[in-house]
Structures are given as structure tokens and as C-alpha cells.
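Chemist: So the chains spell out like this:
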Amino acid sequence: MKPKREVGIVGYGAYVPRYRIKASEIARVWGGADDGLPIEEKAVPGLDEDTITMSVEAARNALARAQIDPRTLRAVWVGSESHPYAVKPSSTLVAEALGASGAILAGDWQFACKAGTEAMQAAIALVGSEMTDYALAIGMDTAQGRPHDALEYTAGAGGGAYIMGPAENALAVLEGSYSYVTDTPDFFRRAYQHYPEHGNRFTGEPAYFAHTLAATQNFLELMQLTPRDFQWAIFHQPNAKFPLQAAAQLGFTRDQVAPGLLVNKIGNTYAGAALIGMTNVLDNAKPGDRILLVSFGSGAGSDAFSYVVTDKILERRDLAKRTAWYTARRELIDYARYARFRNKLVMN
Amino acid sequence: MADNLAPHWRLRAQRYQLVGNVCLKCDAKFFPPRQVCAKCRGTEFDLFQFSGRGELYSFTTLRSAPAGFEQYAPYSVGMIKLDEGPMVEAMLTDVNEDKLTIGMRVEMVTRKIREEDGERGLLVYGYKFRPSDA
Ligand SMILES: [Zn+2]
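Protein sequences appear in the order of chains S and W. The first sequence finishes on residue 414 if you use my numbering, and the numbering steps up by one all the way, no holes. The second sequence finishes on residue 194 if you use my numbering, and the numbering steps up by one all the way, no holes.
Chain S with its partners taken away, still in its complex shape (with noise of 0.2 angstroms):
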């Protein structure tokens, strides 16, 4: 897919919580993972932290980095699955915390861990379509497993947000976008349960890796490009070892992928994951720099995405708190004081 009008990536910014918890810890408390730790260490939000509060952070560091006013934007969009509310939108107290104006489309996005590339791809149309010219996608997780469950183990909490606006004002220019759904039951939540319900070993072959791999061979094809035309490619990270297992069935190499992969680090955060492994990547990219997105989310799709680097980076990317300043602040917290984080006592 592409815009009409030339779209790019005018503003990015991440957020992770400081809170980490180590995987042998949670293993220590349950007595240990089937096949290994799937990572090494997971992000967990403090006790005044939810969704809107980290979405709130993360655009105002992109806010900084665009450089425009916030009255100039005309949608925020908030893709997560752990909207604080059940019923009332983040996106709008999201939107008064920037400061914009009353003027604006704000809404939640929901499609698991691709409502935040769901959210870009609607805020690409706005943008192309010249129906205005600024519209910020979030997307942002504080995502739960069950105690004991395999999920607990790698669920972590951050993500990015992203101003879209007219090509020549971005630091990273939109080539071309592709989307790829297909229903598949792999893990889901219904209404009322704290807890999500997944499929095991079906997460893997017929969900995970059938719409990233389908998603981006799709797409390099129609944009008629190969692994070898990309400095750098971002793939949904639910644990460390899916997306290296995709980057190489789809021939990328570890280099290309390293940058972007977060979650040995901050768990997967969701609706976050690939846009907090893009902003890392635009932390680090040199003008020139393709540099290729792709995400995934339960239920099931792929969004994928490429981009070129402008110079506009050099001058706007030290405006705001780069990714590497949120991985690295760091607060070691013991099993207990993750249950109490993550409301898992019972007070009353």
C-alpha cells in the first residue's frame, strides 16, 4: 500500500518502565520453565504506571522530536490490549496530557500485539490522504500473564509512538506498507478475565511465523526489494528466539535484526514490541538507512512496513530520551515485589 501523498515518520518516542524482574526469578518462585528461559529479564510497571501514563511519556518524547505544535495534530491513537479502562478511551486524556486541541479523532485501537502497527497504518492513510497533516499512533503495553503461566514469564511493559506527517518534513520516509490477516485463534481474552488464554505450541507455526513470514514475503515482493536491501529489519518479539528463527527463514542476518530485538531485555511488550525495536533502530540509523518493519498480532495478522532514513534525523533525534536511556535505567525487583506491582495481593 501506498499514500498518495508522501508520508513519513515526522516525531518517535519510546518508554520502558525502570522495573525489571530476571526470568530465573520467576522461574525460582515456580519452579522452573519447560525448555529454558525464553529471556533473560522483563520491564514491569511501577505502581502508578498504566498504559495511558507510558503513552503519555512516549509521544511527548516524540512531540519534542517533531518539533510541531500539539495543536497541529489530528488524531491520537492508542493501540494496546491493557487499556487501564474497560469503557472510556485512553486517547483522550492521552491527548489533553500533549496538549492538543479538541479538534482531533482520538480512539483505542485493539488487535493484540498489532493494534499500535494497526494505528500507524490508519494514521499513513489520514496523512496521505491530505485529510490533515499530523496523526500520532501509539503503541503501548503492561501486558499480564497468569502466575505460573509460560506468559509470565516474558510479559513485560513499554513501547513507542510516532507522529506521521508530510514526507518532507519526516526523518524517515514511508516506501510502502502491507497487511496480512487471517482468523486464527492462537490467544485471546474474553471480557471480565484478568488473564489471557493462549495456544501453546499453536503460537508458534500457524500463528506467529505463518502471518509474519506470509506478511513479509508478500510485501518485499511487491515493493520488489530483498533482505539485502535493508540496513535493518524489526520483527514482533514475543521471546528472544521467534524472531531470529523468522529473520532467518526470510534470509536477514543477525546484524540486521540486533538493534531492533528489545526483549531479552524488557520482555515483550505487545502492542510496543516492534515499534520500541524501531525506535531503537532510529536511535542508531544513518541517513540513507532502509530499514524494515514488521509486527504480529494474536487473532491473527502482520503489518509491515518499510522505511528510509532522511537527515532530518541527526538534528532531531537527541531532542527527546533515546531508547537506550529507558533500557538502561534499571531497578532489580524480587518476585514479591512483583506481585504487589502487578496487583497480584489481594488487599481487600
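Worth double-checking, as some hints may not be accurate.
What the hints assert, rightly or not - Per the computed footprint, the stretches of chain W lying under chain S, defined by three or more beta-carbons under 8 angstroms from a beta-carbon of chain S, are:
1. 80–87
2. 179–188
Said to hold, decoys possible - Pairs of lysine-lysine residues, derived as DSSO-like cross-links and limited to a Cα-Cα distance of at most 27 angstroms, are as follows:
3. W:Lys99 / W:Lys85
4. W:Lys141 / S:Lys387
5. S:Lys378 / S:Lys352
6. S:Lys331 / W:Lys159
7. S:Lys88 / S:Lys387
8. S:Lys331 / S:Lys88
9. S:Lys378 / S:Lys68
10. S:Lys88 / W:Lys159
11. S:Lys331 / S:Lys154
12. W:Lys85 / S:Lys387
13. S:Lys410 / S:Lys331
14. S:Lys68 / S:Lys352
If you are wondering where the hints come from, they were derived from the structure by calculation, not from laboratory data. Remember, it's a predicted structure, so these values are computed and weren't measured experimentally. By construction, the Cβ of each residue, glycine as well, lies at the ideal position given by its N, Cα and C atoms.
With the hints as your guide, set chain W with the ligand onto chain S.
Modeler: Frame of chain S; chain W with the ligand shown alone:
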């Protein structure tokens, strides 16, 4: 039924964006906004959005928290001298008590302040401050 929602709604620019006001006569800045200038008694103002940067002027740590804040205890509160002048009292976050020092640089973040009426009520968001390099 959820009562008392209106006061939260009216305060949102102050709480989410640190919006105060500036006296049009003498340029004095205030947070929260004032009706009458404390310096020149002027009564004409513009809204003013503070940068959110400042330094920690004093602090204390609460071990038993007031009603509505129990779930966050222990936590620290501080007086912050904003770079533009005014002093603000706020909860401190993302910091361990033993790392707090008078004069340390802090910055505003938007966080959850409290939950009204337990799991059923409104989530109240607002400003807190954290060390700039935390
Ligand atoms: Zn005055």
C-alpha cells in the same frame, strides 16, 4: 454512581500539563494559577505552561499514607522549585528514598495519582516529579 467527577475535569490542564498563569503587568508566573498577582496585585493573566523542570527544594517520606493513597506507601513527597520560579508540592516517583538529595534536578511526569472508590471508580492522573537522570 460516581460523584464528584466535575472537580477532576475542571483541573485537568493543571494536572496533566502543569498549566498555570503569568501576570501580564509584571511577568510573575504562578502555579496553581491565581486571580490576583502576588507581586503587583495585577488581575490580568495569560495561561502559562511550565517546562516541568526544576530542583528538589525539600522532601519527606510517608510511611503511613492518607486515605486513598495506602496502596502506594511508602512514598516520598517533595517541594519542587520550578525553573520558572514557583514552588510546587508533589509526589516523587521512580526513585528510592536514599537517592533523594536537596537540589537534585527533577522533571515532571504524568502518573496515576489515585483510584477513587477502589476498582470501580475513576482513575485520577496528574503530575509527579522524578530525578532527571533516573
Ligand atoms: Zn504582577
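Chemist: So, for every hint listed, does it hold in this structure?
Modeler: To see whether the hints hold, each was checked on the structure:
Residues of the stretch 80–87 of chain W with a Cβ under 8 angstroms from some Cβ of chain S number 0, which does not satisfy the need for three, so the listed coverage is violated. With 3 residues having a beta carbon nearer than 8 angstroms to a beta carbon of chain S, the stretch 179–188 of chain W meets the requirement of three or more and the stated coverage holds. For the hint pairing lysine 99 of chain W with lysine 85 of chain W, the CA-to-CA distance comes to about 10 angstroms; that is within 27 angstroms, so the pair holds. Simply put, lysine 141 of chain W and lysine 387 of chain S have alpha-carbon atoms about 23 angstroms apart, close enough for the 27 angstroms limit, and the pair holds.
A hinted pair counts as satisfied when its Cα atoms are at most 27 angstroms apart, and lysine 378 of chain S with lysine 352 of chain S qualifies at roughly 10 angstroms. Only pairs whose Cα atoms come within 27 angstroms are accepted, and lysine 331 of chain S paired with lysine 159 of chain W is accepted, the gap being roughly 24 angstroms. A threshold of 27 angstroms between alpha carbons decides the hint, and for lysine 88 of chain S with lysine 387 of chain S the separation of about 25 angstroms falls inside it, so the pair holds. Restraint check for lysine 331 of chain S and lysine 88 of chain S: the C-alpha separation of about 9 angstroms stays at or below 27 angstroms, so the hint holds.
Only pairs whose Cα atoms come within 27 angstroms are accepted, and lysine 378 of chain S paired with lysine 68 of chain S is accepted, the gap being roughly 22 angstroms. For the hint pairing lysine 88 of chain S with lysine 159 of chain W, the CA-to-CA distance comes to about 23 angstroms; that is within 27 angstroms, so the pair holds. For a cut-off of 27 angstroms, the pair hint linking lysine 331 of chain S to lysine 154 of chain S is broken: about 32 angstroms separates their Cα positions. Pair hint lysine 85 of chain W plus lysine 387 of chain S does not hold up; C-alpha atoms about 36 angstroms apart against a cutoff of 27 angstroms.
With a C-alpha separation of about 23 angstroms, the suggested pairing of lysine 410 of chain S with lysine 331 of chain S holds against the 27 angstroms cut-off. A hinted pair counts as satisfied when its Cα atoms are at most 27 angstroms apart, and lysine 68 of chain S with lysine 352 of chain S qualifies at roughly 24 angstroms.
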